[in-house]
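K.L.:
Letter by letter, the chains look like this.
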Amino acid sequence: MRISEYFSLPKVSSKSYKVWQRNKDVFMKDIKLNFLPPFLEPLLYLAALGFGLGRFVEDIDGVPYANFIAPALIAISVMYASFFECSYSSYVRMYYQKTFDAIIATPVTIEDVIAGELLWGATRSMINAAVMIPVIALFGLIDIRYALLIIPFAFLGGLLFAAIGMCFTAVTPNIMSINYPVLLFITPMFLFSGTFFPLSALPLPVQYFAIAFLPLTHIVNGIRLIGYGTLEPVLLFDLAWIIVVCAILLLVSINMMKKRLIV
Amino acid sequence: MFGFLGPNGAGKTTTMRMIQCVSPLTSGSLEIFGLDTMSHPSEIKSHMGVVPQENNLDMDFTVYENLLVFSRYFDIPRDEAERRANELLEFVHLEDKKDTMTESLSGGMKRRLILARALINRPKMLILDEPTVGLDPQARHMIWDKLRSLKKQGVTIVLTSHYLDEIEKLCDRLVVMDYGKILVEGSPAQVIEKYVGSGIVEAEHNPELIDCLEKKEANYEVIGDLVHIYTDNPKQIAEYLTMECSLSKLSARPATLEDVFLKLTGRRLRE
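Quick note, the sequences are listed as chains A and B, same order.
Under numbering that gives the first Met the number 0, the first residue of the first sequence carries the number 0, and numbering increases by one thereafter.
Under numbering that gives the first Met the number 0, the first residue of the second sequence carries the number 0, and numbering increases by one thereafter.
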């Protein structure tokens, strides 16, 4: 496969909705269990870090510590939900359950299957954000008037991390190897993307690196701006970064998976 | 009903995957229902049912849900899908297992459910890759029975199998292939008749017997400790051997597809 082929436009049809629907149906079977983490996690983090550790921390840019980390918790959940859905879970469906093989024996194509998986990953991110917003708003940590805007933003961010996860699924030799990107990419982002302390506390070159290459930086920043109700122009930069990188990675991830699966 | 035979690595599954429009063709062309597989995969697949070699039922769903979820991939409306799902569960005798998760089904039940799933779109053509592998005799006979009744309903069935008795019993026409090439084509009876004759006499190998056979210019083959003598009249040969070559340990039997298979593709083990 030549490099340019990774960027060619895959033929995705509305049939990818059927694949999305299949994953949604499985999710709904365990809806109570699936809703628990996004409900409970912000409570735990806010109690321990926001209100516990936060008592010893000065205001950051005039914002109390709990208010500072609350939007970041949503961003982190957006990242984890779709990344894990399109890495471990997609790999299990592809390799162990042979779900993709079964589906491509029908009029649904392999491109539709991957597109459906990516859309579902993004949907999971959106669901997590939608569950967390009222919990966090209850503590008065985000502006509820703007908070609904976070939901479509979470879908977009989810799509980005779904595509990232899918790229790793396309190249991983086995399920254990997905631990590498988690350890070397996802976990550092969890800590160093302006999540628990502002980016400005890092050395300047690292700040530039984070802005250029760490997707979570832009999602944290975006949700923070929307959550505080301060819709500044810099939000457009974050949005543009996410849209451009997301579009590229969506193409690449579908083409990479096609290459892996068509033999 | 059409059968593909061949040792492991002969190219059967690859051929099947090309027919299913899953694997791309590297050269030549392939038409199903008069449509090219490379340019019309969705149209072809909407009229095709597939029973794959590996079990790929959706483990996240029950038996009934498996059929309904699958029907959506074919855009079958919900009430029509429910009607067909119930009909098909009855057809493969799985009505009682409707709400069981597929994981807890036995091997035979899983195969039957896969067959039902392959029929959800009322296919004109059914492709089966080793449909009865690992099943007990009861389950195999039941699958055969269902395939025969589908054939009567006018469904074209394409089958690969390592169980040669299965192909012999079911198929109207077959090919034996090896290393991606077709070696023989015809009905099971024709193929047997043409390549080994209708009967076989099996005898223990000894030099006297070989001398005797050489004199008669018989068509024979030495296989380890055994000698196979290919003939259209096994009884006569057996009697002749007992009288002329003073042999006692021998048996005569009708030739089978297995004899053709081994003769054409050799006895060496395959990967």
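Quick caveat, the hints were computed from the structure, so don't treat them as lab data.
Virtual Cβ for every residue (Gly too), placed ideally from N, Cα, C.
Worth double-checking, as some hints may not be accurate.
Computed Cβ-Cβ distance ranges for the label pairs, DEER-style [said to hold, decoys possible]:
1) A/F6 x B/D135: 20 to 28 Å
2) B/L24 x A/D142: 39 to 47 Å
3) B/E42 x A/V262: 41 to 49 Å
4) A/V56 x B/S22: 18 to 26 Å
5) B/R82 x A/I30: 25 to 33 Å
Computed footprint of chain B on chain A, listed as stretches where at least three residues anywhere in the stretch have a Cβ under 8 Å from a Cβ of chain B [what the hints assert, rightly or not]:
6) 19 to 25
7) 69 to 75
Incomplete in silico selection of chain B near chain A, CB under 8 Å [unchecked claim]:
8) Q19
9) P23
10) S41
11) N55
12) D135
13) M242
K.L.:
Hints first: check each against the structure and report whether it holds.
P.N.:
Verification of the hints:
1. A/F6 x B/D135: 20 to 28 Å: violated, 52 Å
2. B/L24 x A/D142: 39 to 47 Å: violated, 59 Å
3. B/E42 x A/V262: 41 to 49 Å: violated, 23 Å
4. A/V56 x B/S22: 18 to 26 Å: For A/V56 and B/S22 the Cβ distance comes to about 59 Å; the hint is violated.
5. B/R82 x A/I30: 25 to 33 Å: Check passed, 28 Å falls within 25 to 33 Å.
6. 19 to 25: holds (count 4)
7. 69 to 75: n = 0 at 8 Å, threshold three: violated.
8. Q19: holds, 6 Å
9. P23: holds, 7 Å
10. S41: Given a least distance of 4 Å, the restraint on B/S41 holds.
11. N55: holds, 4 Å
12. D135: Violated, about 23 Å.
13. M242: violated, 59 Å
Of the hints listed earlier, those the structure fails to meet are numbers 1, 2, 3, 4, 7, 12 and 13, in rising order.
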